[in-house]
Amino acid sequence: MDLKDKLVSSFMAFENNVDVDHPIHDIRSEAIKNFEVKGFPSKKEEAWKYTSLNSLQKVDFSIFPKEENALEYHQVKKYFLHEIDTYKIVFIDGIYSSYLSETTHDGVDICLMSAALTKPMYKPVIDVYFNKVASKEESLTTLNTAFSREGAYIYIPKNKAPKKPVEIIHFATGNEATLMLQPRNLIIVEENAELQVIERHQSLTANEVLTNCVTEIFAARNAIIDYYKVQNDSSKASLIDNTYISQKDNSVVKVHTFSFGGKLTRNNLNFFQNGEHIDSTLKGVTILGEKQHVDHHTLVHHRQPNSESHQDYKGIYGEKSTGVFNGKIIVDKVAQKTNAFQQNNNVLISDKATINTKPQLEIFADDVKCSHGCTIGQLDEEAMFYLQSRGIPRKEATGLLMYAFANNVLESVRIPELKKRINKLIATKLGVRLGFDL
Amino acid sequence: MHSVPVDVEKVSPYNGKIIIDMAYTEEELKKELETKEYEYGFYTDIESDTFPKGLNEEIVIAISKKKEEPEWMTLWRLAAFKGWKEMVEPEWANIHYKKPNFQDISYYSAPNSKPKYDSLDEVDPELLDTFKRLGISIDEQKKLAGVAVDIVMDSVSVATTFKKTLAEKGIIFCSISEAIREHPELVKKYIGSVVPPKDNFYAALNSAVFSDGSFCYIPKGVRCPMELSTYFRINQAGTGQFERTLVIADEGSYVSYLEGCTAPSRDENQLHAAVVELIALDNSEIKYSTVQNWFPGDKEGKGGVFNFVTKRGLCEKGAKISWTQVETGSAITWKYPSCILKGDNSIGEFYSIAVTNNYQQADTGTKMVHIGKNTKSTIISKGISAGKSQNSYRGLVQVNSRANNARNFSQCDSLLMGNECGAHTFPYIEVKNKTAHIEHEATTSKIGEDQIFYCNQRGIDTEKAIALIVNGFSKEVLNKLPMEFAVEAQKLLEISLEGSVG
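Protein chains in written order, with the working numbering: chain A, 1 to 438; chain B, 1001 to 1502.
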């Protein structure tokens, strides 16, 4: 049985475990119907031209983990941003781990999707926001919607800002030979509120894992959200990340994606600007080796006037890795005075590495400033010579230059400890010890 | 937006003239644009020898017979037709239209007075009159320095001038049907070698039913002394136009080829599916320039030509192919002049201006395929959209794993006039070699208020400033057109370019 059939038939088993009379279940039933019609996207679809899911569909993924697994903090400490205090929402094989988590209801709600979907007190919020910005057409998103039950739920009311960043971490223990996870996150930040989130998916063994994650984010007027995605998973773990962001007037949302590992990573990052004077920032650093594949698929849809968007993606591709960047900017007819910028710079450091990039502008308003730039090149030989002539070995010099190449994406990271972490990750990834503290 | 060239008038009389012509107010321009009927819309009453509508194997054989073609050509056409029957129309382009009914088109139409002429006196006077009204009369053309014209009117070559001068150099410049008869070895070797008969839906259709076109061969080491030029026209109602052009530049040769088009006004959509193949052998250079101004439809978007063209060039070692196009006409433009950079050190260039107005739709761009080492390509594309039109740039830069030191520079700029039009860019970049240097940049903007202000400050009124800026925006590409062509190009551009200032 292929994966699609298995998922569709599993839906009935899934129904036994959820409240089918809850209104949410109508959304799920609708979604599974859509997935049943559309199935997994194929390379024939323009949006999936460079990324094939065929090999994943051949794997017999276990869809519901059989038993609860526990992890000790010391086993997984290094995956947390343990230098600082944070709220934590932790899942082990898709199941919430209260032992590792630190949630709160003190003024803000940082808790679980399962609670939000079932408890009546959250119903007004769920009714307004759940599945409202996520696509009802895109097949993988609807697949997630059909199985939506668990994930992170964050609600920040007006004028509030949690004192600590929130970490959302999914561990796969490898107790199942193969595992498919479908987390569903909902994040709402009300007027003048603020939030910082770090999201991470981590497989602890070499067993095959496929995560199909959907995150919906709502930023009300004047809200500020920083969202960091750290993707440094094992070479058997695949991630399809679908993030949908709806912004209102004057809100500022920044999403940073750091892709350093994983077998196949697909980031569908969608920004919808539903107000004026909005600032949307999408930044990413990708450093790949082995046979890894990362596909960044961004969309910024300018629907109202006077807003801005900034995109900056840097990629370094080694060995047999493949990188894809497909950035789309749509400017509606009414969205006059839009400023939309997009930049994608890539370095290939191996003969077997491939980069496919497709920036795309679709503009229907005349008074706009939109640009995209895209380069593919190598490290500057003259700069390399300069460093080497001053006694810096080639390997370190390479590391330094690549660090410099990726650096401006890091500049806007607002959590210093995280920045330090990412710097270290970059240094390790590039196989160099930089002689200074990053 | 690029800096405004101050010395624009010095560049050419052509650029100078645009400025004078464009000194209208915006309102006047808008009004004029809406009311301006297609100037070249008239119909020449010459008896045509037209086939019944529809397409099947008999028609393909009949076309071939009509052209007195050898058997291998007939078989080649039939093979293409067989392939075409199994294909479906491509739908990936960003254009929307009612698909033509391929059984409702007559696949052959030729002017009746067929004998070849050696001098203009022998040409049907009505034809001559047509060209006079187009402003490109053969008399005028002959007077223009060094331009030989192979005039194609409804698919059959009627008059070829300067043929004798060219023959002295060993250059073959004739219609493709003549080439099939008289130079079968060259045609057989190269036809379909760059654009295979089953390359795509429209190329297959063209391969099966092409009625005529131009053929050009430049022998080794010869520099073609004049610009070769062909004017295409679609004349007969309800006939498709299927041109086939084959240009071969042998080792170390050079040729500049010009192609320009105007078509009469028709309410019924007309289909055009041409194929152009360029073969640049070692160290040769082909410069191919196009001005396309077919009937774009009226201001309600009614009528207009559907233009589905496959153009591709193959570069051997050290060869260079340069495409320049000014696309102002057609209701639908689907066109991607491409370069296959097969030989080491070969160069591909693409310079384009695409202007769309009213309900026109253009999806155009280029493909640069880097296969050889040290290959270079440059893409400069300028899109200007006005009215309710949609203008897309679609390009591919592909660097294969063995193409060491490949270099590409792409720039796509779009200018929007009014808020009912759209500009789109779809650049694909696929790189499999670490030594590649690829740069791509695209901008979309309108004419900046600051730019206008700057000009105003220096005593240039707004209307002139706009003209100056639009001119500057397009200049990079316009300057690539050969001088001889510039006068004609200006006439053809006038209607659309003026209107885009709004």
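These are computed hints drawn from the structure, not numbers from a lab.
Even for Gly, the Cβ is constructed at its ideal location relative to N, Cα and C.
The reader is advised that the hints may include incorrect statements.
As the list claims (entries may be wrong) - With the C-beta cut set under 7 Å, the calculated list includes, among others, these residues of chain A facing chain B:
no.: 1; residue: Pro124
no.: 2; residue: Gln202
no.: 3; residue: Ser350
no.: 4; residue: Asp367
no.: 5; residue: His372
Here is how each hint holds up against the structure:
1. For A:Pro124, the suggested interface contact is broken, since its CB lies about 39 Å from the closest CB of chain B, more than 7 Å.
2. Taken as an interface hint, A:Gln202 does not check out: its beta carbon lies about 31 Å from the nearest beta carbon of chain B, beyond 7 Å.
3. Hint on A:Ser350 holds. Least Cβ distance to chain B is approximately 6 Å, under the 7 Å limit.
4. Interface restraint check: A:Asp367 against chain B, minimum CB-CB distance 5 Å, threshold 7 Å, status holds.
5. About 5 Å separates the beta-carbon of A:His372 from the nearest beta-carbon of chain B, less than 7 Å, and the hint is met.
Of the numbered hints stated above, those contradicted by the structure are hints 1 and 2, listed in ascending order.
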